[in-house]
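Undergrad: Chain order of the listed sequences is G and C. Each residue of the first sequence is one higher than the last, beginning at 1130 in my numbering. Each residue of the second sequence is one higher than the last, beginning at 1130 in my numbering.
Hints are computed from structural coordinates only; laboratory data are not their basis. Check each hint, because a few of them may be wrong.
Lysine to aspartate or glutamate pairs mimicking DMTMM-like chemistry, simulated, CA-CA at most 20 Å apart [to be verified]:
no., chain 1, residue 1, chain 2, residue 2
1, G, K1134, C, D1257
2, C, K1134, G, E1259
3, G, K1134, C, E1259
4, G, K1134, C, D1261
5, G, K1134, C, D1245
6, G, K1134, C, E1236
7, C, K1134, G, D1257
8, G, K1134, C, D1244
9, C, K1134, G, E1243
10, C, K1134, G, D1212
11, C, K1134, G, E1201
12, C, K1134, G, D1261
Derived contacts from chain G toward chain C, CB cut-off under 10 Å, selection only [stated by the list, open to error]:
no., residue
13, K1134
14, A1168
15, P1169
16, Q1208
17, I1277
18, A1278
19, Q1283
None of these values were measured; they are calculated from a predicted model. Ideal Cβ positions, reconstructed from N, Cα and C, are used throughout, including at glycine.
There are 2 protein chains.
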Amino acid sequence: MNQQKIFVQMALHSWNTQLARAEKIFSSFSEAAFYLPVAPGKNRVIYLYGHLAAYHDALKETLGIGKRTEPEFAAIFLQNPDDSDAVMPSITELKKYWELVHSELNELFANTSEDDWFKRHNAMTDEDFEKDPSRNRLSVLLNRANHIAYHIGQVILVNPGNS
Amino acid sequence: MNQQKIFVQMALHSWNTQLARAEKIFSSFSEAAFYLPVAPGKNRVIYLYGHLAAYHDALKETLGIGKRTEPEFAAIFLQNPDDSDAVMPSITELKKYWELVHSELNELFANTSEDDWFKRHNAMTDEDFEKDPSRNRLSVLLNRANHIAYHIGQVILVNPGNS
Chain G
1130 MNQQKIFVQM ALHSWNTQLA RAEKIFSSFS EAAFYLPVAP GKNRVIYLYG
1180 HLAAYHDALK ETLGIGKRTE PEFAAIFLQN PDDSDAVMPS ITELKKYWEL
1230 VHSELNELFA NTSEDDWFKR HNAMTDEDFE KDPSRNRLSV LLNRANHIAY
1280 HIGQVILVNP GNS
Chain C
1130 MNQQKIFVQM ALHSWNTQLA RAEKIFSSFS EAAFYLPVAP GKNRVIYLYG
1180 HLAAYHDALK ETLGIGKRTE PEFAAIFLQN PDDSDAVMPS ITELKKYWEL
1230 VHSELNELFA NTSEDDWFKR HNAMTDEDFE KDPSRNRLSV LLNRANHIAY
1280 HIGQVILVNP GNS
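This is chain G alone, in the form it adopts within the complex (with noise of 0.2 Å):
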């Protein structure tokens, strides 16, 4: 195996395993559950569930491999705080949702070559990647599992039963 391809496996493989972990506990969760906050005042569930479908669902404009499917999700879960007055979607829409988000990147992600993930990203010009060539996508899909970790380190103080 050559070691490029090696790195992508590592990146895939650290990618995959927080999303399958973050995967496992949102089913676990009633439907109530998802209406709970993972500490007293802190953000809900539904709005964590939503906020990494969208980001995620952004990361393929960000990788310059696909476009957004609900752009209009960002407002509520990216660009403002959790609010519990908000309309939010349904928690069937936003399975829907999750399942269409990381079913389309599975895909791309299995379409992209050793290649393209050591190309730079669309959040950083050619002059900065030139300076430093680790700024490429495999870094930004590095950077995501990180940021789903630090989700799930929160829906698991959640008691998936409690209503």
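Mind docking chain C on chain G? Use the hints.
TA: Showing chain C alone in chain G's frame:
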């Protein structure tokens, strides 16, 4: 820059970013805040601080590049859950421990060659490594960066000024 070097930089960047973020948050806490739980009935900040330091102390052995400084901390911070009746080291002692572990790791990492990062870690056999060379030392570092992010997501829930 060769690709192996780029990937080592990426993984170290991921680790350093999460570590710096953790240090910034822990250093913002008053001594009293270290004794607060991250959510009602959950781990206290002091436990998570000691847990990360002890896990990173053990990381030297997992990577096969050094020995643990305080193996006796494993019982309190790794093998058992948080227990408010347990006798814990003071915050001053834990801060010294944290500094020591991370400055040592920093030096060890600086002296680890790119080739060495791609060797197998001590938690797997030669045979397994032959089958999957992506399970190398660098993959352990990526995993530990995710682990820091997971606990940052929790300690960030505590108001640092609370006492």
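Undergrad: Checking one constraint from the list: CA of K1134/G to CA of E1236/C, max 20 Å. Satisfied?
TA: violated, 29 Å
Undergrad: For the pair supplied as a hint, K1134/C and D1212/G, confirm whether the alpha-carbon distance does not exceed 20 Å.
TA: violated, 44 Å
Undergrad: Q1283/G was flagged as interface toward chain C. Is the shortest Cβ-Cβ separation under 10 Å?
TA: holds, 5 Å
Undergrad: Interface hint check: K1134/G, Cβ to nearest Cβ on chain C, cutoff 10 Å. Holds or violated?
TA: Interface hint status for K1134/G: holds (9 Å vs cutoff 10 Å).
Undergrad: Does A1278/G pass the interface check with chain C, least Cβ-Cβ distance below 10 Å?
TA: Nearest chain C Cβ about 4 Å off; hint holds.
Undergrad: Against chain C, run the beta carbon of I1277/G and see if the smallest gap drops under 10 Å.
TA: Cβ of I1277/G sits 8 Å from chain C, so the hint holds.
Undergrad: Mind checking the CB of A1168/G against every CB in chain C and telling me if the closest is under 10 Å?
TA: holds, 4 Å
Undergrad: Would you mind confirming whether the straight-line C-alpha gap from K1134/G to D1244/C stays at or under 20 Å?
TA: holds, 16 Å
Undergrad: Going by Cβ atoms only, is P1169/G closer than 10 Å to chain C?
TA: holds, 7 Å
Undergrad: Regarding the pair K1134/G and D1261/C, is the alpha-carbon distance no greater than 20 Å?
TA: Distance ~12 Å between K1134/G and D1261/C Cα, so the pair holds.
Undergrad: Has the given pair, K1134/G with D1257/C, been kept, meaning a C-alpha gap of at most 20 Å?
TA: holds, 18 Å
Undergrad: Quick one, are K1134/C and E1259/G close enough, alpha carbons at most 20 Å?
TA: Since the Cα atoms of K1134/C and E1259/G sit roughly 15 Å apart, the hinted pair holds (cutoff 20 Å).
Hint compliance for this structure: hints 6, 10, 11, 16 are not met, and every other hint is.
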